[in-house]
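Undergrad: What follows is each chain in one-letter form.
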Amino acid sequence: MNMTRNEAQQSLETIHQVQREIRRTLAIGGAPFYMMLWGAIWFLGYLGSHFLPPKTAGDLWGALVAMGFILSFVIGWKLSTKVRTPGYDARIGIFWLLWIIYTFLIVWLGGFDSNPTLMSLFISIMAMFGYVVMGLWLWTPLTWIGLGVTVIIVLAYILVPAYINLVMAVLGGGVLFFSGLYIYRSWR
Amino acid sequence: MPDLDPIIHQPVRLQIMAALTALPPDAQLEFTTLRKMLELTDGNLSVHLRKLEDAGYVKIEKAFVGRKPRTFIAATPAGRAAFEAHVQALKAILERK
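Chains A and U are the protein sequences, given in the same order.
According to the working numbering, the first sequence is numbered sequentially starting from 1.
According to the working numbering, the second sequence is numbered sequentially starting from 189.
Calculated directly from the structure, the hints in this document are not laboratory data.
Check the hints yourself; a few may be wrong.
[As the list claims (entries may be wrong)] For lysine-lysine, the following DSBU-like pairs were computed, each having C-alpha atoms within a straight-line distance of at most 30 angstroms:
(1) A:K78 <-> U:K279
(2) U:K256 <-> A:K55
(3) U:K239 <-> A:K82
(4) A:K82 <-> U:K250
(5) U:K250 <-> U:K279
(6) A:K82 <-> U:K224
(7) U:K256 <-> U:K279
(8) A:K55 <-> U:K279
(9) U:K224 <-> A:K78
(10) U:K224 <-> U:K247
Everything numeric in this text was worked out from a predicted model, so none of it was measured.
Construct the entire structure; sequences and hints are all you get.
TA: Below, the structure is given as structure tokens:
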């Protein structure tokens with residue numbers, strides 16, 4: 001079979017273009033949506049923790065987290081109609097299920113639930129641990145975002161404990177949301 | 189030097205194999221998503237998929253997602269190897285003086 005250099009070059013360019021497109025839109029396409037969703041939830045939840053009475057803030061968090069889980073499920077469902085990875089998808093689901101169980105056990109047995117600030121910090125750090133693991137598994141930048149936000153959380157707790165909720169809203173939620181938005185826009 | 193694969197050489201099949209091999213080894217791509225991405229008709233995509241399936245390069249599976257029947261396509265290990273050899277052959281042509 002004969003082929004000129006130009007034709008070979010064109011074929012290779014086509015291959016790269018198709019592969020880039022599919023990786024962007026499918027294989028890791030859900031990441032920016034999850035980041036924007038949970039970034040917005042963090043922002044609203046921590047803003048509530050800073051400005052609202054503890055009881056109202058707690059109720060707000062409960063509603064936001066419930067909405068977050070439902071919307072995360074919807075995003076996952078939408079993606080599963082386009083591409084599926086038997087076994088792989090199950091492992092991700094099992095990881096997050098175990099994550100919820102272990103986080104609940106540590107919060108309960110460790111007595112974090114008696115201190116709302118510590119509890120939300122702990123859960124946020126655990127959430128970022130989830131990002132780190134997902135990054136190692138799926139897409140490396142998630143690991144760096146997870147580590148970066150963890151550093152912000154710890155520094156804010158040490159340096160400005162009185163404004164921890166505000167810092168978490170703006171920097172923690174903001175970094176997640178805008179990282180997701182940036183990835184989404186740059187992939188389009 | 190590896191030879192160009194006559195099955196994969198065809199432009200539409202080249203794009204199909206490029207798309208499928210971009211996914212993790214055990215991932216399957218849904219038919220409609222692939223069709224839209226490559227801007228093909230149902231019939232055109234089906235014809236090329238059949239040729240690839242006959243060559244043992246892709247595996248086609250029907251499954252239900254919720255209540256809707258869906259067709260999922262994946263590159264087989266033989267298909268991945270053939271595609272990789274084809275890419276190497278293309279690169280060799282470029283390096284040729």
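Undergrad: Against each hint, give a clear statement of whether it holds in the structure.
TA: Taking the hints in turn, this is what the structure says about them:
Under the criterion of a C-alpha separation no larger than 30 angstroms, the hint pairing K78 of chain A with K279 of chain U is inconsistent with the structure, at around 37 angstroms. As the CA atoms of K256 of chain U and K55 of chain A are separated by approximately 44 angstroms, the hinted pair breaks the 30 angstroms bound. Of the pairs offered as hints, the one joining K239 of chain U and K82 of chain A holds, with about 22 angstroms between alpha carbons and a cut-off of 30 angstroms not exceeded. Taking the CA atoms of K82 of chain A and K250 of chain U, the gap is about 13 angstroms. The hint holds against a cut of 30 angstroms.
Pair hint K250 of chain U plus K279 of chain U does not hold up; C-alpha atoms about 36 angstroms apart against a cutoff of 30 angstroms. At roughly 11 angstroms between alpha-carbon atoms, K82 of chain A and K224 of chain U fall within 30 angstroms of each other, so this suggested pair holds. Of the pairs offered as hints, the one joining K256 of chain U and K279 of chain U is violated, with about 42 angstroms between alpha carbons and a cut-off of 30 angstroms exceeded. The hinted pair formed by K55 of chain A and K279 of chain U fails the criterion: a straight-line CA distance of about 65 angstroms is larger than 30 angstroms.
With a C-alpha separation of about 16 angstroms, the suggested pair K224 of chain U and K78 of chain A falls inside the 30 angstroms cut-off, and the hint holds. A threshold of 30 angstroms between alpha carbons decides the hint, and for K224 of chain U with K247 of chain U the separation of about 19 angstroms falls inside it, so the pair holds.
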